[in-house]
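Using the sequences provided together with the hints, build the complete structure.
Number of protein chains: 2
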Amino acid sequence: MKISDIFLSQTRINKYINRTPLLESPVLNKKVGGRVLIKPEMLQVTGSFKFRGACNRILQLTEQQRHGGVVAWSSGNHALAISAVCAMLKVPAYIIMPETAPRMKIEGARGYGAKVRLYDRATENREQIGKTIAEEIGGVIVPPYDDWQVMAGQGTVGLEIMEQCRELGIVPDSVLASASGGGLVAGIATAVRTLAPDTDVYCVEPAGFDDLSRSMVEKSRVTNQGNVATLCDSLMVPTPGALTFEVNRRLLKDGLVVDDAEVGYAMARCFEYFKLVAEPGGAAPLAAIMAGRIDVCGKTVVAVLSGGNVDPAVFAQQIVR
Amino acid sequence: MKISDIFLSQTRINKYINRTPLLESPVLNKKVGGRVLIKPEMLQVTGSFKFRGACNRILQLTEQQRHGGVVAWSSGNHALAISAVCAMLKVPAYIIMPETAPRMKIEGARGYGAKVRLYDRATENREQIGKTIAEEIGGVIVPPYDDWQVMAGQGTVGLEIMEQCRELGIVPDSVLASASGGGLVAGIATAVRTLAPDTDVYCVEPAGFDDLSRSMVEKSRVTNQGNVATLCDSLMVPTPGALTFEVNRRLLKDGLVVDDAEVGYAMARCFEYFKLVAEPGGAAPLAAIMAGRIDVCGKTVVAVLSGGNVDPAVFAQQIVR
Chain H
289 MKISDIFLSQ
299 TRINKYINRT
309 PLLESPVLNK
319 KVGGRVLIKP
329 EMLQVTGSFK
339 FRGACNRILQ
349 LTEQQRHGGV
359 VAWSSGNHAL
369 AISAVCAMLK
379 VPAYIIMPET
389 APRMKIEGAR
399 GYGAKVRLYD
409 RATENREQIG
419 KTIAEEIGGV
429 IVPPYDDWQV
439 MAGQGTVGLE
449 IMEQCRELGI
459 VPDSVLASAS
469 GGGLVAGIAT
479 AVRTLAPDTD
489 VYCVEPAGFD
499 DLSRSMVEKS
509 RVTNQGNVAT
519 LCDSLMVPTP
529 GALTFEVNRR
539 LLKDGLVVDD
549 AEVGYAMARC
559 FEYFKLVAEP
569 GGAAPLAAIM
579 AGRIDVCGKT
589 VVAVLSGGNV
599 DPAVFAQQIV
609 R
Chain C
289 MKISDIFLSQ
299 TRINKYINRT
309 PLLESPVLNK
319 KVGGRVLIKP
329 EMLQVTGSFK
339 FRGACNRILQ
349 LTEQQRHGGV
359 VAWSSGNHAL
369 AISAVCAMLK
379 VPAYIIMPET
389 APRMKIEGAR
399 GYGAKVRLYD
409 RATENREQIG
419 KTIAEEIGGV
429 IVPPYDDWQV
439 MAGQGTVGLE
449 IMEQCRELGI
459 VPDSVLASAS
469 GGGLVAGIAT
479 AVRTLAPDTD
489 VYCVEPAGFD
499 DLSRSMVEKS
509 RVTNQGNVAT
519 LCDSLMVPTP
529 GALTFEVNRR
539 LLKDGLVVDD
549 AEVGYAMARC
559 FEYFKLVAEP
569 GGAAPLAAIM
579 AGRIDVCGKT
589 VVAVLSGGNV
599 DPAVFAQQIV
609 R
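Here the protein sequences come in this chain order: H and C.
In this text, residue positions in the first sequence follow my numbering: the first is 289, and each later residue adds one.
In this text, residue positions in the second sequence follow my numbering: the first is 289, and each later residue adds one.
Treat the hints as calculated values from the structure; they're not laboratory data.
A virtual CB, placed ideally from N, CA and C, is assigned to each residue, including glycine.
Where hints are given, some of them may not hold.
[Stated by the list, open to error] Derived CB-CB ranges, DEER-like:
1. 580/C - 306/H: 22 to 30 angstroms
2. 348/C - 306/H: 32 to 40 angstroms
3. 409/H - 295/C: 41 to 49 angstroms
Here it is in structure tokens:
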């Protein structure tokens, strides 16, 4: 992936996406002793950055491919993004979701007109179901991260960050983004490190799902145990993507790990300082900063908040203490 | 107040404020059968639009006036805005707040370094206290709405809306903003109706505090009973401002009134569709749209969401049902 892929992706998707602002809070800055700029992707269409990659990928399908439709599997943000892009472009969408997925996400995908096929996590394989459907209908599978055009779409977050920093007349010391499959941080790192080679990019992962951080140390892809609980439902992929890891192993400075208490605290501060709803995975980079996983004293740091699709009860529990 | 006052205000405050985005939700649009664009001023510094007017006014003080300091009374958003602007410009701030003001707002003002003088609502007069302090210290009183420069600062919300609509290639059919003293909607109406004379501007008020709506009907300023309860703590001014009413009586199309249940419902939808924290008064324009107070079918409507400074427990109560 090159900066040109991201630049052309931006040109392609610009009129469909929200250009999310870069925000800061004088109270937070004072508290951490540095300058923290947040990139609130919960304000993106469908409530997460996933809309960018889905948009970039689906806009490039041929007329015939669009006619067949798009097939995807996801329990959350990727499902909503694919459904919304397909609704917008009048392309049929088939989403494979676990029976146990949050009601609001299943209903959300259906609300956009997607056909949702529920499956049993214990007895069925979602990729197999997806491939079968794709063959039957002549549809195209759009994977959640391990795809160059999806990654280039997510990279527009990084390109916007650098453009917005330029408008402010600053070069950030570092940029933090959460990692599940690693597509978001791979796209961001490509944009940021091409345009500002001295800026460090970090991935942030929840405890027990630090596969990318450990893979960077091991210099090869390792897998999580998987039977650990985490608040960060959107960051539970067991292994880094093959393509994303090729990018991330070269470009990332390091991996940072946060626990549930730190994530909950960051969700509450996001409410207090920014009036934003962050889902647990979306608050992880802010959690890493506030927990002191990285030294921000006197530095300028950008934290990408990836999404805000969280159940009201879960959110309420984190902000009321 | 003329468009030039607002334009020059924008030039003055631009580097200090957040240019809040104009956002929309395909799900909300589908639900109401029209296009609803929101202007989320909870993302403004200090969590409300008040920062704009405070900034514009205080930046124009002379060196000598800045030395003396700024005096203001408020139980909420104006207090936070004045305190933050003064901290930024190193001007002493004296805020008179009721003993019963929300703890987070008192602590918020103090956190910015303001001197907070608490008073007893039953036995003391805040304006008298303010005037006495201002005389003692040689300070300047910055009123919350009945001031041309404060109004011009709030008007930058309207100017940004029109610029952002132009970028989208649209002219909105109407713009809705909440009214307490009426400074926000007066500034917005001046900008919007000067640049797009066919666009209607409406004020939105909570039931029991519809003084501006009734004053427009009566063609003179009327007062609320005042002993009514409302969720909208930020919209409880008893009478329209003298200066703001001169503007609003000429420029507003009409007044819309919403009740607590409609406001709570809009806060929950704001969480769901936009991942934004709206305080009750901040959600009032969205409440008016969703309650059908105005026909948006096939129309393009802008709703200004004025702020997001709400107690976590109050917010949680509205989103979890």
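Each hint tested on the structure:
no., hint, result
1, 580/C - 306/H: 22 to 30 angstroms, "holds (27 angstroms)"
2, 348/C - 306/H: 32 to 40 angstroms, "holds (34 angstroms)"
3, 409/H - 295/C: 41 to 49 angstroms, "violated (58 angstroms)"
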